[in-house]
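Asks: Heads up: the sequence lines are chains A and B, in that order.
Following the working numbering, the numbering of the first sequence begins with 41 at its first residue and continues without gaps.
Following the working numbering, the numbering of the second sequence begins with 44 at its first residue and continues without gaps.
Where hints are given, some of them may not hold.
Said to hold, decoys possible - Here are the simulated distance ranges between beta carbons: (1) A:122 to B:550: 38 to 48 angstroms; (2) A:361 to B:109: 53 to 63 angstroms; (3) B:294 to A:249: 21 to 31 angstroms; (4) A:55 to B:327: 33 to 43 angstroms; (5) B:109 to A:122: 40 to 50 angstroms; (6) A:229 to B:414: 18 to 28 angstroms.
Hints are computed from structural coordinates only; laboratory data are not their basis.
Quick reminder that beta carbons are idealized off the backbone N, C-alpha and C, glycines included.
Here's the letter readout for the chains.
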Amino acid sequence: MRLEPRAAVPWTLSLAAPAGAVVVSLALCGFLVAWAGAPVLRAYAQMFQGAAGSLFALTETLARATPLIFTGLAAAIAFRARFWNIGAEGQLYLGAVAATVLGTGAIGGLSPWLMIPLLMIGGALAGALLLMGPTLLKLRLGVDEVVTTLLLNFIVILFVGLLLEGPLKDPMGLGWPQAEPIVAEGELPKLFGGMRLHLGFVIAVGLAVVLWFVDRRTTFGYAARAVGLNPQAAAYAGIGVRGVMFRVALISGGLAGLAGVSEVAGLKGNLTLDLSPGFGYSGIVVAMLAQLHPLGVVAAALFVAGIFVGADAMSRSAGVPTYIADVIVASSLLCMLVALLLTRYRLRR
Amino acid sequence: MNQPVGAQAEVVLRLRGITKRFGSLTANDAIDLDLHKGEVVALLGENGAGKSTLMSILFGHYVADEGTVEAFGQPLPPGDPAAALARGIGMVHQHFTLADNLTVLDNVMLGTESLWSWRSRRSAGRARLDRLAGAFGLAVRGDARVGDLSVGERQRVEILKALYRDARILILDEPTAVLTPQESASLRATLGRLVAEGLSIIFISHKLDEVLEIGDRVVVLRAGKVAGEVPVADADRPMLAGMMVGRAVEQPQRRQLSPGAVAVGLQGVTVLGEGGRRRLDAVDLDIRAGEIVGLAGVSGNGQSVLSDVLAGLITPDGGHYRLADEDVSRAGTRGLVARGVGRIPEDRQASGVIGDMTIPETLIAEDFRARPFSRFGVIDWRAARDFAARIVSDFDVRTERPDLNARLLSGGNMQKLLLGRALARRPRFVLANQPTRGLDVGAAAYVHQRLLAAREAGAAILLISEDLDEVLRLSDRVAVMFRGRLREADPALGPVTVERLGLMMAGQGFEHAA
Numbered sequence: 041m042r043l044e045p046r047a048a049v050p051w052t053l054s055l056a057a058p059a060g061a062v063v064v065s066l067a068l069c070g071f072l073v074a075w076a077g078a079p080v081l082r083a084y085a086q087m088f089q090g091a092a093g094s095l096f097a098l099t100e101t102l103a104r105a106t107p108l109i110f111t112g113l114a115a116a117i118a119f120r121a122r123f124w125n126i127g128a129e130g131q132l133y134l135g136a137v138a139a140t141v142l143g144t145g146a147i148g149g150l151s152p153w154l155m156i157p158l159l160m161i162g163g164a165l166a167g168a169l170l171l172m173g174p175t176l177l178k179l180r181l182g183v184d185e186v187v188t189t190l191l192l193n194f195i196v197i198l199f200v201g202l203l204l205e206g207p208l209k210d211p212m213g214l215g216w217p218q219a220e221p222i223v224a225e226g227e228l229p230k231l232f233g234g235m236r237l238h239l240g241f242v243i244a245v246g247l248a249v250v251l252w253f254v255d256r257r258t259t260f261g262y263a264a265r266a267v268g269l270n271p272q273a274a275a276y277a278g279i280g281v282r283g284v285m286f287r288v289a290l291i292s293g294g295l296a297g298l299a300g301v302s303e304v305a306g307l308k309g310n311l312t313l314d315l316s317p318g319f320g321y322s323g324i325v326v327a328m329l330a331q332l333h334p335l336g337v338v339a340a341a342l343f344v345a346g347i348f349v350g351a352d353a354m355s356r357s358a359g360v361p362t363y364i365a366d367v368i369v370a371s372s373l374l375c376m377l378v379a380l381l382l383t384r385y386r387l388r389r
Numbered sequence: 044m045n046q047p048v049g050a051q052a053e054v055v056l057r058l059r060g061i062t063k064r065f066g067s068l069t070a071n072d073a074i075d076l077d078l079h080k081g082e083v084v085a086l087l088g089e090n091g092a093g094k095s096t097l098m099s100i101l102f103g104h105y106v107a108d109e110g111t112v113e114a115f116g117q118p119l120p121p122g123d124p125a126a127a128l129a130r131g132i133g134m135v136h137q138h139f140t141l142a143d144n145l146t147v148l149d150n151v152m153l154g155t156e157s158l159w160s161w162r163s164r165r166s167a168g169r170a171r172l173d174r175l176a177g178a179f180g181l182a183v184r185g186d187a188r189v190g191d192l193s194v195g196e197r198q199r200v201e202i203l204k205a206l207y208r209d210a211r212i213l214i215l216d217e218p219t220a221v222l223t224p225q226e227s228a229s230l231r232a233t234l235g236r237l238v239a240e241g242l243s244i245i246f247i248s249h250k251l252d253e254v255l256e257i258g259d260r261v262v263v264l265r266a267g268k269v270a271g272e273v274p275v276a277d278a279d280r281p282m283l284a285g286m287m288v289g290r291a292v293e294q295p296q297r298r299q300l301s302p303g304a305v306a307v308g309l310q311g312v313t314v315l316g317e318g319g320r321r322r323l324d325a326v327d328l329d330i331r332a333g334e335i336v337g338l339a340g341v342s343g344n345g346q347s348v349l350s351d352v353l354a355g356l357i358t359p360d361g362g363h364y365r366l367a368d369e370d371v372s373r374a375g376t377r378g379l380v381a382r383g384v385g386r387i388p389e390d391r392q393a394s395g396v397i398g399d400m401t402i403p404e405t406l407i408a409e410d411f412r413a414r415p416f417s418r419f420g421v422i423d424w425r426a427a428r429d430f431a432a433r434i435v436s437d438f439d440v441r442t443e444r445p446d447l448n449a450r451l452l453s454g455g456n457m458q459k460l461l462l463g464r465a466l467a468r469r470p471r472f473v474l475a476n477q478p479t480r481g482l483d484v485g486a487a488a489y490v491h492q493r494l495l496a497a498r499e500a501g502a503a504i505l506l507i508s509e510d511l512d513e514v515l516r517l518s519d520r521v522a523v524m525f526r527g528r529l530r531e532a533d534p535a536l537g538p539v540t541v542e543r544l545g546l547m548m549a550g551q552g553f554e555h556a557a
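Isolated chain A, as found in the complex (with noise of 0.2 angstroms):
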């Protein structure tokens, strides 16, 4: 058995890639859902109707792939020009500290339409500002930024504890280690009443529309691409790398830093040490499904989050373990990575 390259990639089967990838895995951990003794096409069934089985389910799937989305787009921005930001766990946590210092009571008096541009816009910079760090010791002394964004994760959520201990702390707070909740014009509104859904997700999906545009029809766009593909040809022909690269940089960290604002602004009030259950390195996860296209980011952490939330719903009617959710997740991203090598490779015996 051998591989050879296909000459061109059928867009067909770039579509049938992920699909036929979630097929195979859903079938692979149906092996899982019967050994914890439940039935595994209902316990699909029962997965599918907890993720968007309801408008209730659906506005919660929604909700909970918004921040996929922001740190999703981060991923596949900083990746396609082989950047390689690990950090946007951190960068998302300290967009929400930009929010919630700004929008604590600092700022008062502003409408809604002055207060959520300006949390927006601080929590882009702060999370543009962590990943320059990483950035400019790469770009000036060739450190590695996958072991520096990666490690400067762990050192913003201690210092965010920190913060949540000492100057932050709502003194309301009943002792809980929890900062003031944002103000009520600084909140992102909600889409639905009385559901979570919030103006996040469509922020969220008109950036992903955004950059689609940027990668497809822009200089810009272009350039990282050809940087990401071919950085010393991209050189010759005359693309200045580093400074492709820097602004990937800021670009990638400020979605990272929105991913944060959303989810304190939009869904949680306020900011916690909880505000993010790994939503950094999901958004990995999702980029790499998504094969880095920025459409493809939305469908894949809506996938994702479907997932995660279905499973809960499985969980409660089947008694499976929500762990399930995280196998599903990793295995379709392992089927991925297959259905990708298959769409660029003939299988030849």
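Since the structure of chain A is provided, determine the placement of chain B on it from the hints.
Replies: Coordinates of chain B only, in the frame set by chain A:
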């Protein structure tokens, strides 16, 4: 070596009806080949003619769809390199398969000992290596680190590696591609000794001249089939070229022109490397409009650095780089492109095309920021596609689709693409670094024709090449680089020949100027 081998000599290797298909492409089509004891068979063919596929089948890297291989009268199991090695078939690849940070002895012994044995029999190995090196005149120090050796020495290590495993049949894949003329001569002497010891050799090449010098018999492959087989004694250049290409190849002719004003001027260009070493040492060179200056040299003597300076990738530490009267030492890549410098990179895969981009995408890489390809930062893909269609038709790029990914093009078509990108702007200075490396005769002739046309259109051209025949055929003047310095071959001192260039490449004429 050119004496005919008697028909009675034992057949050591017999290939019968070898057929290998890759999808719709038939790489080898019912190929028969015999190799006799003590014979040198030159396997000649263009890129993609099926030479490497055939040898990969022989060596067990590929399994043939049909056909058999017999070595010393016994069928060779397909797809088993270990069996090929055990039968005494040794292969010297074009891209060496040596571990740079190990010694020569380690490299030669690598893989010959069981991983389960307690200790390495180094002293026995050393004695054997020394004996082989002495017997075949392959002088090389066993303790030297391979990374410190010259290319010619590394090739000797590769040959010794095969001999160490008792190779009786040696396959050499494009062995002279990387050697100086003098090193090639020494390789020929080595091959003579090997044949005298009764080894048989298959020699893969696409260079007509060396095939005529080295082989006993030439087998020409074209499009996967044996196009012909002749004793070297009966062959000549035009005949082999015709068999190889399937039609007569016209070599473009250089018309006599009177060169114009100095278009490119280098004065004392110096580039410092680590520890103050001079990678370029006060290089002076003038190139006039309508003139091709050829630049030869053993690779690693500063041609690449000079090329990077001229392409705008490196800013020189000293000296001046002028286009007409303007100092462009600090203009950078984009500045040079804007001022009319057309550049053909040394390694078309690494720094030329962006392999995973489509043809239009890779073609606009130099000027996507300007109209018509973009306005206000938004790319006009229609303009890019139109431009690509023009290049593809003007420069005869063979592609099944206009939006194919560039990496799927053959080397020759990739080069035509880059040639088109560089020449479409009608540059006044063309930097062509190894423009025909690895190309077949037809594609190379096309590149030559285009460069000569640019010359007639008044461009100043610097042709950096390791192919001395090419340098001599195209150039108005020839210069040589040695250890970062550049000297022109002064025509007043007699005709510029391959031999004279070879001596200069080895450092002659550079001593007094240090």
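Asks: Each of the hints needs a verdict: does it hold here or not?
Replies: Evaluation of the provided hints:
no.: 1; hint: A:122 to B:550: 38 to 48 angstroms; verdict: holds (41 angstroms)
no.: 2; hint: A:361 to B:109: 53 to 63 angstroms; verdict: holds (56 angstroms)
no.: 3; hint: B:294 to A:249: 21 to 31 angstroms; verdict: violated (56 angstroms)
no.: 4; hint: A:55 to B:327: 33 to 43 angstroms; verdict: violated (60 angstroms)
no.: 5; hint: B:109 to A:122: 40 to 50 angstroms; verdict: holds (44 angstroms)
no.: 6; hint: A:229 to B:414: 18 to 28 angstroms; verdict: violated (43 angstroms)
Checked against the numbered hints above, the structure breaks hints 3, 4 and 6 and satisfies the rest.
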